[in-house]
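2 protein chains.
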Amino acid sequence: MSSPFATGAAVRAACRAGTLTTPTPGLAPGFVQANLVLLPKEWAFDFLLFCQRNPKPCPLLNVTDAGSWEPRAVAPGADLRTDLPAYRVFEDGACVAEPQDVRDLWRPDLVGFVLGCSFTFENALIERGIPVRHIEVGRNVPMYRTNIACQPAGRFHGPMVVSMRPMKPAQTLEASRTCGRMPLAHGAPIHFGDPTTIGIADITKPDYGDPVDIHAGEVPVFWACGVTPQAVLTEAKPPFAITHKPGHMFVTDWRDVELDVG
Amino acid sequence: MSSPFATGAAVRAACRAGTLTTPTPGLAPGFVQANLVLLPKEWAFDFLLFCQRNPKPCPLLNVTDAGSWEPRAVAPGADLRTDLPAYRVFEDGACVAEPQDVRDLWRPDLVGFVLGCSFTFENALIERGIPVRHIEVGRNVPMYRTNIACQPAGRFHGPMVVSMRPMKPAQTLEASRTCGRMPLAHGAPIHFGDPTTIGIADITKPDYGDPVDIHAGEVPVFWACGVTPQAVLTEAKPPFAITHKPGHMFVTDWRDVELDVG
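Residue numbers (the working numbering), protein chains in the order written: chain A, 1 to 262; chain B, 1 to 262.
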């Protein structure tokens with residue numbers, strides 16, 4: 001993959017300068033990209049517990065101190081207020097704005113949650129010769145709300161959101177091995193085959209992202225998805241929250257290979 | 001290994017009945033044993049964050065709701081107040097009692113933290129033909145305070161405590177691969193060789209547990225240790241806390257093999 005950005009730091013600098021406002025897939029190849037949730041301290045224990053109980057959709061990479069915008073573990077010196085291409089602002093569970101900078105919305109009680117992302121395991125799949133359909137056809141990954149309830153934690157509860165990638169059965173098995181070694185990037189798939197088993201009525205109509213074709217001889221394979229926290233925020237309705245805009249991720253200094261524990 | 005207890009549930013029932021008050025190594029072979037920390041809710045966010053930032057010494061298996069003594073993820077129906085052979089009660093950071101039951105000390109604001117334990121990876125090492133010295137000689141594992149600072153979180157800070165097992169260099173490499181696949185059981189070692197590099201002045205004088213011999217041709221290998229939380233409690237001095245008594249672990253329903261993600 002060629003990218004105008006060689007490192008996570010370069011992507012972040014472009015976001016901070018306001019020159020990068022587009023989605024991040026393919027940028028800074030090999031660097032771990034991440035989901036972001038910013039919540040007031042008063043809601044942070046419940047959400048941290050929710051992530052601990054639901055590590056497949058919500059794998060924690062870094063949690064900041066209240067009031068600190070610097071995710072020291074994954075990107076020392078970074079600024080979570082400016083270093084993403086675009087954000088979503090939630091009030092009482094509803095998205096009210098999609099700014100490119102949240103410095104003016106910052107509050108001293110905000111805690112930042114940086115969560116692993118499927119881009120890491122997609123890169124690993126491609127390196128192993130397993131094609132990823134939505135990347136091949138230049139679309140966003142299809143995502144679905146399921147009938148799988150997340151483990152509730154305090155005020156947070158809701159359904160698991162999954163992403164879907166179609167592949168051949170043998171590829172499914174290799175994908176499970178590869179992704180299973182990456183628990184901080186959603187880990188192994190949670191289901192394959194019949195979508196109705198997990199409450200997906202129509203595989204051609206994803207709840208988020210774009211549909212992709214499933215070819216003859218392929219099965220749909222489902223992974224826990226980093227959009228789950230946004231679905232859960234919508235249900236729990238905290239008065240204030242900020243997330244990344246889907247696809248517009250925080251790019252860290254960590255390398256994808258560092259998330260492989262196998 | 002032969003054990004009078006076939007399952008974690010059998011060990012817990014004996015603790016609850018008051019008939020088992022001794023250390024748990026070797027009991028219910030194949031079942032995951034765990035460290036326990038009970039803290040008031042007012043201290044729980046800081047400690048949860050501490051564990052998230054220090055997953056090698058503090059790998060989280062289960063965190064209970066405030067007031068609940070049931071660790072639903074690892075042992076549905078279990079009772080953290082009665083199901084361990086022995087406890088330690090801390091007031092202002094000092095151990096003030098070692099009871100065998102803490103029902104009379106229970107508070108509705110207590111949050112339970114169940115943390116992975118080295119017994120899981122020791123079993124895996126033995127299965128792979130790597131001897132574990134302190135088990136061979138019937139002693140407790142030697143543990144040391146180091147000069148490695150844990151990542152602080154809120155009011156919690158302090159040095160990492162490590163456990164040590166001597167082995168041959170080739171065994172060290174295999175041990176690193178085996179344990180690295182078990183991030184919820186402290187993961188790969190954090191050091192081997194010269195103890196003074198990590199602030200251990202005298203390897204023959206552990207801060208906790210018993211010394212063991214290092215034979216010619218062996219190197220000491222060091223793992224992050226589940227006693228770290230107790231060292232950190234001593235520094236942070238919360239007004240009230242309860243832990244397991246070292247070696248007297250909570251035995252879960254999970255199997256050791258479930259913690260191997262490789």
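Treat the hints with care, as some may be off.
Now the in silico label distances, taken between C-beta atoms and shown as ranges [as the list claims (entries may be wrong)]: (1) B:A216 - A:E174: 22 to 30 Å; (2) B:G30 - A:E174: 22 to 30 Å; (3) B:V257 - A:P131: 28 to 36 Å; (4) A:D202 - B:P239: 50 to 58 Å; (5) B:E174 - A:T7: 45 to 53 Å; (6) B:T204 - A:T7: 40 to 48 Å; (7) A:R177 - B:P131: 27 to 35 Å; (8) B:C95 - A:V96: 48 to 56 Å.
Please keep in mind that the hints were generated in silico from the structure rather than gathered at the bench.
Just so it is clear, the structure is predicted and the values come from calculations on it, not from any experiment.
All C-beta atoms in this analysis are idealised placements derived from N, C-alpha and C, irrespective of residue type, glycine included.
Hint check results:
1. B:A216 - A:E174: 22 to 30 Å: 44 Å, violated
2. B:G30 - A:E174: 22 to 30 Å: 28 Å, holds
3. B:V257 - A:P131: 28 to 36 Å: 32 Å, holds
4. A:D202 - B:P239: 50 to 58 Å: 55 Å, holds
5. B:E174 - A:T7: 45 to 53 Å: 34 Å, violated
6. B:T204 - A:T7: 40 to 48 Å: 46 Å, holds
7. A:R177 - B:P131: 27 to 35 Å: 30 Å, holds
8. B:C95 - A:V96: 48 to 56 Å: With a Cβ separation near 51 Å, C95 of chain B and V96 of chain A satisfy 48 to 56 Å, so the hint holds.
Going through the hint list in order, the structure does not satisfy hints 1 and 5.
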